[in-house]
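Colleague: If you want the building blocks of each chain, they are given just below.
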Amino acid sequence: MAADFRIRPLGDRVVVKPAEREEKTKGGIFLPDTASKERPMEGTILAVGEGRLDDNGKRVPMNVQSGDKVLFAKYSGTEYKIDDVEYLILSEKDILGIIQE
Amino acid sequence: MAADFRIRPLGDRVVVKPAEREEKTKGGIFLPDTASKERPMEGTILAVGEGRLDDNGKRVPMNVQSGDKVLFAKYSGTEYKIDDVEYLILSEKDILGIIQE
Amino acid sequence: MAADFRIRPLGDRVVVKPAEREEKTKGGIFLPDTASKERPMEGTILAVGEGRLDDNGKRVPMNVQSGDKVLFAKYSGTEYKIDDVEYLILSEKDILGIIQE
Amino acid sequence: MAADFRIRPLGDRVVVKPAEREEKTKGGIFLPDTASKERPMEGTILAVGEGRLDDNGKRVPMNVQSGDKVLFAKYSGTEYKIDDVEYLILSEKDILGIIQE
Amino acid sequence: MAADFRIRPLGDRVVVKPAEREEKTKGGIFLPDTASKERPMEGTILAVGEGRLDDNGKRVPMNVQSGDKVLFAKYSGTEYKIDDVEYLILSEKDILGIIQE
Amino acid sequence: MAADFRIRPLGDRVVVKPAEREEKTKGGIFLPDTASKERPMEGTILAVGEGRLDDNGKRVPMNVQSGDKVLFAKYSGTEYKIDDVEYLILSEKDILGIIQE
Amino acid sequence: MAADFRIRPLGDRVVVKPAEREEKTKGGIFLPDTASKERPMEGTILAVGEGRLDDNGKRVPMNVQSGDKVLFAKYSGTEYKIDDVEYLILSEKDILGIIQE
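Chains as they are written, first to last, in this note's numbering: chain A, 1 to 101; chain B, 1 to 101; chain C, 1 to 101; chain D, 1 to 101; chain E, 1 to 101; chain F, 1 to 101; chain G, 1 to 101.
Mixed in with the good hints there might be a few duds.
[What the hints assert, rightly or not] A few chain D residues that don't get close to chain A, going by computed Cβ distances all over 10 Å:
1. Ala19
2. Pro61
3. Ile98
4. Ile99
[What the hints assert, rightly or not] Not the full set, but computed from the structure, chain D residues with beta-carbon under 8 Å of chain F:
5. Met62
6. Asn63
7. Lys69
8. Leu71
9. Ala73
[Said to hold, decoys possible] Heads up, simulated EDC-like pairs for lysine to aspartate or glutamate below, C-alpha to C-alpha not over 16 Å straight-line:
10. D:Lys74 with F:Glu79
11. A:Lys93 with A:Glu20
12. B:Lys81 with B:Asp54
13. D:Lys93 with F:Glu50
If you are wondering where the hints come from, they were derived from the structure by calculation, not from laboratory data.
Here the structure is a predicted model, which means the values were calculated and not measured.
Every residue gets a Cβ at the ideal spot worked out from N, C-alpha and C, and that includes glycine.
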């Protein structure tokens with residue numbers, strides 16, 4: 001499905017579908033909203049850019065791919081909606097880690 | 001039409017005609033104005049610069065072309081009007097993704 | 001005329017004669033002063049520097065030349081007057097695009 | 001155990017399990033909360049990223065490994081919880097030193 | 001005279017003797033003090049540094065020389081006095097252009 | 001003694017034992033607390049990191065070694081305590097100079 | 001004398017003994033305290049670091065040496081006292097020029 005996603009992100013950006021707030025992953029990661037410190041959110045990658053160009057003009061390969069479940073900082077990226085579904089466009093550098101199941 | 005556009009953007013800049021506020025794309029992307037977070041706008045590229053020069057003086061090819069429908073951050077770029085039509089001049093790095101239809 | 005202009009700008013700077021505020025270009029670009037967002041101004045390049053040096057000490061060729069009509073951000077550059085005529089010294093990177101007529 | 005940790009950190013990030021506040025390490029390092037200056041916290045590394053890419057696109061090897069006890073600045077990184085256990089995702093550059101026992 | 005000037009500026013710095021405020025150059029450049037925007041000042045270069053070193057350790061040749069009449073941003077540089085005469089030490093990058101007579 | 005120090009600092013960091021406030025070095029350096037300007041503190045290096053990696057991935061050798069008495073800016077680094085003794089972890093670039101006795 | 005100075009500055013730093021406030025140099029440079037703009041101070045270099053390392057790990061030679069009389073920005077550097085004599089540790093890039101007598 002991801003390859004057909006309607007938005008093709010540029011550079012090192014990815015499109016992410018955020019997990020529901022109350023959702024608990026199979027792996028048991030729970031992300032309460034009352035934390036005093038900023039907590040990461042999690043989501044699933046739907047589309048991946050080609051990667052940024054380094055200083056020598058070579059494209060840097062991406063470390064994530066469509067389908068990966070990822071953690072990302074709460075206020076990073078840009079939200080948008082398609083047919084009332086919320087998505088996020090993030091830079092790969094805002095992704096903290098991949099959730100392995 | 002794009003090749004004849006009256007403004008030739010410099011470096012990695014592009015000229016974009018923003019979509020109407022209330023417009024809904026064929027693909028169903030809808031961009032409400034009431035969002036708490038900044039949402040991207042969409043538009044169509046009318047003209048594309050030659051690309052910026054990297055640190056070694058080589059020109060970096062652009063990833064977008066005239067006719068592309070793109071998402072960009074709401075407050076990026078510089079607006080201007082020609083014959084009462086509003087345009088935006090954006091740097092390519094402010095373009096989040098390409099809308100595929 | 002431009003080659004004889006009294007100021008020789010250094011590096012990637014250019015000297016620009018701004019267009020009159022109310023002026024409308026032949027091409028019909030009109031720049032109202034009431035815009036909520038910052039709008040570019042337009043002007044004509046009178047003199048062009050030799051270009052900046054890149055990290056390897058090579059001079060980066062300029063993308064504009066004397067006589068070009070250009071758009072530039074409203075608050076960029078430094079104004080000065082010669083014989084009561086107002087000029088601007090701008091860095092090339094503040095030039096958004098070239099107006100083609 | 002660390003190789004199986006549920007989060008695989010990206011780039012030069014690590015996952016750390018912070019030591020209890022009142023805990024005193026075997027080595028006798030005690031970290032009071034009343035200090036006027038910010039004090040480092042300590043913890044144990046559970047998972048290590050592959051390392052960041054340098055300007056030439058080569059991966060920079062990490063200087064820490066799973067199992068290392070480390071000192072890190074108090075407010076660095078991002079907290080999250082799995083099954084009510086608190087973890088931190090840190091960049092390696094926020095790690096001040098390794099505690100040798 | 002310039003070669004004997006008492007201060008030898010370091011790196012890409014120059015020593016400038018600012019023109020008198022009310023002075024009008026032969027070329028007719030007049031710099032009123034009432035401008036709403038910052039205007040450049042003009043002056044004559046008395047001494048020139050050897051140039052800064054680039055990233056590869058090579059010295060970047062200066063684009064100005066002693067005797068040049070130059071325009072520079074009003075608040076750039078550091079003032080000092082020798083025998084009640086005011087001078088400025090400027091970085092070359094604060095020089096906007098050379099006045100040709 | 002230094003080689004056995006309990007903390008192994010990472011990158012270009014060092015562990016320093018600050019000198020007592022009122023202490024006067026053999027060399028007679030006295031550091032009053034009433035100065036209007038920030039004054040450096042002095043201390044003895046107990047442990048030294050392997051050095052940072054430069055842009056080409058080569059390790060930059062450290063300029064200080066265990067046992068060196070050094071001056072450092074007052075508010076640099078991170079304090080911590082082991083068995084009620086205060087230490088500082090500093091980056092080498094915060095060390096102003098070495099005190100020779 | 002300078003080679004024996006008690007502090008060996010690191011990197012591109014120098015140790016400077018500032019001239020007395022009211023002092024007038026032989027060359028007649030006078031630095032009043034009432035200036036509206038920040039004025040440089042002058043002093044004599046007592047000790048010079050080995051120079052900073054450039055991006056390729058090569059040491060950049062210093063442009064000043066012990067004994068040089070120099071001008072430097074008033075608020076740059078770090079003060080300290082030895083036996084009630086005030087000294088400054090400055091980075092070479094804060095030195096504006098060398099006073100030739």
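Colleague: Work down the list of hints and note, for each, if the structure agrees.
Modeller: How the hints compare with the structure:
No Cβ of chain A approaches the Cβ of alanine 19 (chain D) within 10 Å, the least distance being about 17 Å, so the stated non-interface status holds. Non-interface call for proline 61 (chain D) relative to chain A: holds, since the shortest CB-CB distance, roughly 16 Å, exceeds 10 Å. With a minimum CB-CB distance of about 21 Å to chain A, isoleucine 98 (chain D) clears the 10 Å threshold, and the non-interface call stands. Even its closest Cβ contact with chain A, about 23 Å, leaves isoleucine 99 (chain D) beyond 10 Å, as expected for a residue assigned away from the interface.
At a threshold of 8 Å, the smallest CB-CB gap from methionine 62 (chain D) to chain F is about 10 Å, leaving the interface hint violated. For asparagine 63 (chain D), the shortest C-beta to C-beta distance to chain F is roughly 6 Å, which falls under 8 Å, so the interface hint holds. Look at lysine 69 (chain D): its Cβ only gets to about 10 Å from chain F, farther than 8 Å, so that hint breaks. For leucine 71 (chain D), the interface hint holds, since its Cβ comes within 8 Å of a Cβ in chain F; the closest pair sits about 7 Å apart.
For alanine 73 (chain D), the interface hint holds, the least distance from its beta-carbon to any beta-carbon of chain F being 6 Å, beneath 8 Å. Straight-line distance between C-alpha atoms of lysine 74 (chain D) and glutamate 79 (chain F) comes to about 11 Å, which keeps the hinted pair within the 16 Å bound. Restraint check: the Cα-Cα separation between lysine 93 (chain A) and glutamate 20 (chain A) comes to about 22 Å, which exceeds 16 Å; the hinted pair is violated. About 31 Å separates the Cα atoms of lysine 81 (chain B) and aspartate 54 (chain B), which puts this hinted pair outside 16 Å; it is violated.
For the proposed pair lysine 93 (chain D) and glutamate 50 (chain F), the alpha carbon gap of about 14 Å is at most 16 Å, so the pair holds.
Hints 5, 7, 11 and 12, counting from the list given before, are not met by this structure.
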